[in-house]
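Undergrad: For reference, the chains in residue letters:
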Amino acid sequence: MARLDVRKTYKLYIGGAFPRSESGRTYEALDAKGRFLANAAQASRKDARDAVGAARKAFGGWSTRTPYNRGQILYRTAEMLEGRRDQFISEVKASEGLTAAQAARAVDAAIDRWVWYAGWSDKLTQVVGNANPVSTPHFNLSTPEPTGVVAVVAPQDSSLLGLVSVIAPAIVSGNTVVVVSSYERPLPAITLSEVLATSDLPGGVVNVLTGDATEIAPWLASHRDVNAIDLAGVTDETLAAELEEASADNLKRVVRPSETDWSTEPGITRMTAFLETKTVWHPIGV
Amino acid sequence: MADKPIFEYAPAPQSRSVVDIRSSYGLFIGGEFVEGASAASFKTISPATEEVLAEVTEANAEDVDRAVAAARRAYTRVWSRMPGAERAKYLYRIARIIAERAREFAVLESLDNGKPIKESRDADIPLVAQWFFYYAGWADKLAYAGLGTNPKAHGVAGQIIPWNFPLMMLAWKIAPALAAGNTVVLKPAETTPLTALLFAEVCQQADLPPGVVNIVTGAGATGQAIVEHPDVDKVAFTGSTDVGKAIARSVAGTRKKVTLELGGKAANIVFDDAPVDQAVDGIVNGIFFNQGHVCCAGSRLLVQESVYDELLDRLKRRMTTLRVGDPLDKNTDIGAINSAEQLARIRELSAIGDAEGAERWSPPCELPANGFWFAPTIFTGVTQAHRIAREEIFGPVLSVLTFRTPAEAVEKANNTPYGLSAGVWTEKGSRILSIANQLRAGVVWANTFNKFDPASPFGGYKESGYGREGGKPGLAAYLTEESN
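Just so you know, the sequences run in chain order A and B. Each residue of the first sequence is one higher than the one before, starting from 1 at the first, in my numbering. Each residue of the second sequence is one higher than the one before, starting from 1 at the first, in my numbering.
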């Protein structure tokens, strides 16, 4: 008799744990041809709040890690991604309807991108910070600092490469993240959660909600303890405008949706979007 | 309390003769002064005397439309095509003309704003000239701004500035915008339009191509017309957090770029090992500079308990030497409150401080009979729950709180929705760096306060807004990385 495979229950990733949605809801994740893949947890407003709470709690510790340490942890994540390469390829292939070769290229690009971002942890300050030549006798230094808790609506089409392209730039500088995965293609995001959970990344630094961004994102946009929002995966212009408007209530930093080719080198704008500049003055010679 | 000084100051008035104020002003659109589409106008007065200085045009949506069209034409036909090196030369010219006419600008600024001449003369106007000089040098070096080898301007920038540093805010907005290749429509505050209108003459003297700089006067409705104009690509605003939020809402769903410099409630933290005299001077400068009309003013003094009594004694003694009065007197330390409306707000919040049980103290000082005045004031016995410790007063009013440990100081300092600036006073270097690291604020002044420089980025965390002005980040706010 043929062996029956052991299937997995797919859950959310909040504060380093894998809870079901408190709402008890799931939805069907289908492959590109409409066949059933799994029941994914459908996150609710309460799950989003819990995720923001976990991200806030993790911010102090993560943002004060040394850049070297953050880089090592991100690199460790890439190692774990590599270890799960086959699983990602099969999930990306099924979710996005790619050929095996195309899916492999997308997964490899995602892993390489994560490595690329890992290397930025201890270089970003040197590239975007400044010693400022002021005209008075003062020492004057501008350094970038993470802005805080970043909410992200992940790209809807590129289920893994797009996803890592929005998570890694936010966390490498010390922000913590709540990400709403691609609604129709959640499986690579859930597997990424399992990678993150085993990568020495402190719980709460990345929180992954599977579900409907049109339902969850408004709560994230209006949440007073979220400092920035990345609308990468918001395809509906009306919704994007509403989310931007809600973000004004506490002056969240907003990255607007735009046509992005995730396969090209991203540049540093996605990292700098979630940075503050702190300038410290001190008299010289007093 | 110190006794009255033995020697009285002799009056040292700055002559007004250097300034020639017209009885009425039009709008500066397309390189010349033009009449507004409607006959609406308003008066700008001297807050020190309530004397009417001039009649100013109230621009409506039609006027804004004309100004934006002029800016667009200038952008498309001239400014965006001009080599950076040529743009630079225009900005250098402007910097030089401002320096040449510095005294004229300083007197006009003090007349219209009410700030002491020694501040407009020694701080505001020199910084204005320097701001243009600094950004002039960037115009032909944009490839080094950190946005790739060929960064692009946004196009037409709509800029709205406040009344506390009228010409300085103009320079902060216009200099980087023009250096980056944008053209601008700028609205000065309704109570302080005169130096912006004089700046229009500087643009003419510099032969700046018509339409590169347009200045429209008016109040909130004029500003709103600028923000909402579909052909404005970039909005830059300095002012209150409430208006900043309204602007952020209004540009939602558009392609407009935005930078916002908003309110603050800065903590000025004094540790027990701080050099007391320097700290006292820094506290005074932090809250009484420009009558406290400073978004980054050190309006919450946090004093370590062990030095509280000594510090408060010395602070009060120092405050008795502050001279309040005629802004054009060169010995004046504190000038007039900018408007009747602002004076009413300062009085209202101070009355709330009384009602909530904080203890008010001001040095004995005689205030002029006419004009808008408020004596330098401190409130002691303030807790974090008091409204005077939470809301921006934007006047010469200091709230004093205490703390015991560095951790408590940081906690209290960060306990506000704002995050613009902060001060730290201690002789211990490691403590300065540790506290500065923990403060969620865009500018930290250690053993100094209220220092500004065009090479130094300025701007806030959290609800103090987004974007930076000054330095390379201030230039980047007007550029975009070239894509596709």
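For the record, the hints were derived by calculation from the structure and aren't laboratory data. All residues carry an ideal CB built from backbone N, CA and C; glycine is no exception. There could be a bad hint or two in this list.
Just a sample of chain B residues kept apart from chain A, beta carbon distances all over 10 Å, derived [said to hold, decoys possible]:
{"hint": "1", "residue": "Ser-38"}
{"hint": "2", "residue": "Gln-130"}
{"hint": "3", "residue": "Gly-148"}
{"hint": "4", "residue": "Gln-224"}
{"hint": "5", "residue": "Thr-241"}
{"hint": "6", "residue": "Lys-245"}
{"hint": "7", "residue": "Arg-249"}
{"hint": "8", "residue": "Ala-344"}
{"hint": "9", "residue": "Thr-448"}
{"hint": "10", "residue": "Lys-451"}
{"hint": "11", "residue": "Phe-458"}
{"hint": "12", "residue": "Arg-468"}
{"hint": "13", "residue": "Glu-481"}
If you only want the chain A side, here are some residues facing chain B, beta carbon under 10 Å, derived [said to hold, decoys possible]:
{"hint": "14", "residue": "Ala-2"}
{"hint": "15", "residue": "Asp-5"}
{"hint": "16", "residue": "Ala-32"}
{"hint": "17", "residue": "Asp-122"}
Undergrad: It remains to establish, for every hint, whether it holds in the given structure.
TA: Going down the list of hints, with the structure as the test:
| no. | hint | verdict |
| --- | --- | --- |
| 1 | Ser-38 | holds, 31 Å |
| 2 | Gln-130 | violated, 7 Å |
| 3 | Gly-148 | violated, 8 Å |
| 4 | Gln-224 | holds, 15 Å |
| 5 | Thr-241 | violated, 7 Å |
| 6 | Lys-245 | violated, 5 Å |
| 7 | Arg-249 | violated, 4 Å |
| 8 | Ala-344 | holds, 27 Å |
| 9 | Thr-448 | violated, 5 Å |
| 10 | Lys-451 | violated, 5 Å |
| 11 | Phe-458 | violated, 7 Å |
| 12 | Arg-468 | violated, 5 Å |
| 13 | Glu-481 | violated, 6 Å |
| 14 | Ala-2 | violated, 52 Å |
| 15 | Asp-5 | violated, 45 Å |
| 16 | Ala-32 | violated, 28 Å |
| 17 | Asp-122 | violated, 16 Å |
Of the numbered hints listed earlier, those contradicted by the structure are 2, 3, 5, 6, 7, 9, 10, 11, 12, 13, 14, 15, 16 and 17.
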